[in-house]
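*Asks:* Chains Y and C, in that order, give the protein sequences. Sequential numbering from 2 applies to the first sequence in the numbering used here. Sequential numbering from 2 applies to the second sequence in the numbering used here.
The hints are simulated quantities; they were obtained by calculation from the structure and are not laboratory data. Watch out, some of these pointers could steer you wrong.
Put simply, identical chains are the same to the list, so a pair is met inside one copy or across any two.
[What the hints assert, rightly or not] Restricting the straight-line Cα-Cα distance to at most 27 Å, the calculated cross-link-like pairs of lysine-lysine (DSS-like) are:
#	residue 1	residue 2
1	155	41
2	75	155
3	213	183
4	183	244
5	213	155
6	146	213
7	183	75
On a predicted model such as this, the values are computed, not experimentally measured, just so you know.
Protein chains: 2
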Amino acid sequence: MTNTVITISYDGTAYSGFQIQANANTVQAELERALAVIYKEPVRITGAGRTDAGVHALGQVANFIAPFTIENDKLPHALNCLLPDDIVVTAVHDAEDSFHARFDATGKLYSYSIDRALHPQIFRRLYTWHMPESLNLDMLRAAGKLFEGTHDFKAFQAAGATITDTVRTIYSVSVTENRSDKILTITYNGRGFLYRMVRMITGTLIRVGRGKLSLPEVEAALSGNNPSASGPTAPPHGLCLEKVFYKAH
Amino acid sequence: MTNTVITISYDGTAYSGFQIQANANTVQAELERALAVIYKEPVRITGAGRTDAGVHALGQVANFIAPFTIENDKLPHALNCLLPDDIVVTAVHDAEDSFHARFDATGKLYSYSIDRALHPQIFRRLYTWHMPESLNLDMLRAAGKLFEGTHDFKAFQAAGATITDTVRTIYSVSVTENRSDKILTITYNGRGFLYRMVRMITGTLIRVGRGKLSLPEVEAALSGNNPSASGPTAPPHGLCLEKVFYKAH
Chain Y
2 MTNTVITISY
12 DGTAYSGFQI
22 QANANTVQAE
32 LERALAVIYK
42 EPVRITGAGR
52 TDAGVHALGQ
62 VANFIAPFTI
72 ENDKLPHALN
82 CLLPDDIVVT
92 AVHDAEDSFH
102 ARFDATGKLY
112 SYSIDRALHP
122 QIFRRLYTWH
132 MPESLNLDML
142 RAAGKLFEGT
152 HDFKAFQAAG
162 ATITDTVRTI
172 YSVSVTENRS
182 DKILTITYNG
192 RGFLYRMVRM
202 ITGTLIRVGR
212 GKLSLPEVEA
222 ALSGNNPSAS
232 GPTAPPHGLC
242 LEKVFYKAH
Chain C
2 MTNTVITISY
12 DGTAYSGFQI
22 QANANTVQAE
32 LERALAVIYK
42 EPVRITGAGR
52 TDAGVHALGQ
62 VANFIAPFTI
72 ENDKLPHALN
82 CLLPDDIVVT
92 AVHDAEDSFH
102 ARFDATGKLY
112 SYSIDRALHP
122 QIFRRLYTWH
132 MPESLNLDML
142 RAAGKLFEGT
152 HDFKAFQAAG
162 ATITDTVRTI
172 YSVSVTENRS
182 DKILTITYNG
192 RGFLYRMVRM
202 ITGTLIRVGR
212 GKLSLPEVEA
222 ALSGNNPSAS
232 GPTAPPHGLC
242 LEKVFYKAH
C-alpha cells in the first residue's frame, strides 16, 4: 500500500475534461481503467485539479494508493501500453502516506498558446488559438500585469459558478512571442485559479491587444465595478496545464 | 480560365493519402469539394505527387484551371472556411497555361521526424515516430550518405510496385538532432522518389543506428545484391512532404 504519484500529459481534444463524470470520456476514467488492469482491482486516483473539456496538460499530477508495489521505472511503460495514445504517464514516484495531489498543491503553471500565422499552422492547430489579427503586445503585456497579485476574480469565473471565495493570487503573467514559429504564449503562474479563470483572463487580454478594451476598463472589472469588461472565454484548445507545484519533500 | 497553383498543408492522420480514390477519404477529394462550392462547377486538381495514407504535408502543391477569377489573396481564406480543419491552403498564385504541378516539379523535400524522448511527447505524437532506444547518430549519418547520388532504388520501393525504372537521384540526406525538443529529423532532398522509398530508407537508417545493420550491408542493398537489407518501412506519421521545387518562372 504505497501512496504513488504520477505525472500525466494528455491531449484534451477528445475528452470532457480530466475529472471523472458519468457518461463522459474523461482522462481520469482512462487512467483508472488502466490502473485497474495492472492492479487487478479498482483504483481511485486524486487529481491535482480539474481541467475543462478540450484543455491539455503536460504536467498534470495525481496520486493513488497502490494495492501492491511495482517498480516506479516500470509503471509508466506498463500504463502507457494500456492507455490510449492521447494520454501519456511521464513519471512516477512514491510519496508520504499523507500526500494529497490537490490539497498539497502550492501553485500551478498554465500556458495559453496563440498561433499568429496568417493561415493556421497544421501541426499546431489542436494546441493553439489561431489569431492572425494584429495585436498590440505592449498593451497586452500591460494588461497582464494588472492581474498579478491578490485580487477578487469574481468577474473572471464561469457564469453560474457557486464558489463564494473568489479571491486568488497570481504570481506572474508573462507574454512571450516566438517569432520563428509564430506562436505567442501567455504563461500564468498562480496559487490557484477559479473555474475558467485562465481562459477568461486570456480572452480579456486579447481584447486589450486588439484595442477593443482599455486598461482602466480591465482595472474596473478586477475591482468589481465593471464585470462586463471581462472575457470572452478563450477557446479551450489553446490552454495547457504545464506544471503543478508542491512543497519540496 | 486561369491556371491556378495552390500550396497545401495537411495533417494526414485521417486520410487515405492525397490522391483521390473511390470509397476513401482523401485530401484531393476534400479540396475538389471545396473548389466546387466556390466555383459552382466541378474542378479537377493535379497534385505534385501522391502522399501515402497517414503522411503529412506542409508544402504540397497542386494546380487547377479556375473557371473564373478570384483574387489570389482571398482564395485561401475562402477555401479554408470550407475545408476541414486538418487541411489548410497556405498560398495561391497564377501560373502559365502550360504549368503542370507533377510534370514540372524538379525536386521534393521530405522530412522524417523521430521523437527521442523516453515517453511520447503528447503534442508531437501524431507527427513523429517514437523511438526512445539509443541510436548511433554517426553511423546513421554515414548510412544516409550512402543514399546520396543516383542509384537504382529497386530494393527501396514497396513490394508489388510495378514501376520498372527504379533509378532515382537523391541530392542530400541530412540528420539533425534538436536536443531541446528531443526531435531527430532526417531530411531527404531529391529529384523524385519511388513509392514508400523515403519510409523504407528511414527504416533502414534506423536499423543501422540501432546497430542491427552494417554499412556494407546497406551498400549491398543499394547495389541490388542484398534486397533484404532494406527496410522495414517506417510508419507514415513521421513523414512530411515539406516542399516541392519548380524551376524559377
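*Asks:* Next, verify each hint and record whether it holds.
*Replies:* Going through the hints against the structure:
1. 155 <-> 41: neither (44 Å within a copy, 51 Å between copies)
2. 75 <-> 155: Classified as neither; 44 Å inside a copy, 42 Å across copies.
3. 213 <-> 183: within (23 Å within a copy, 40 Å between copies)
4. 183 <-> 244: both (23 Å within a copy, 19 Å between copies)
5. 213 <-> 155: within (21 Å within a copy, 62 Å between copies)
6. 146 <-> 213: within (18 Å within a copy, 56 Å between copies)
7. 183 <-> 75: Between copies only: 22 Å across, 38 Å inside.
When the structure is compared with the earlier hints, violations turn up for hints 1 and 2 and for no others.
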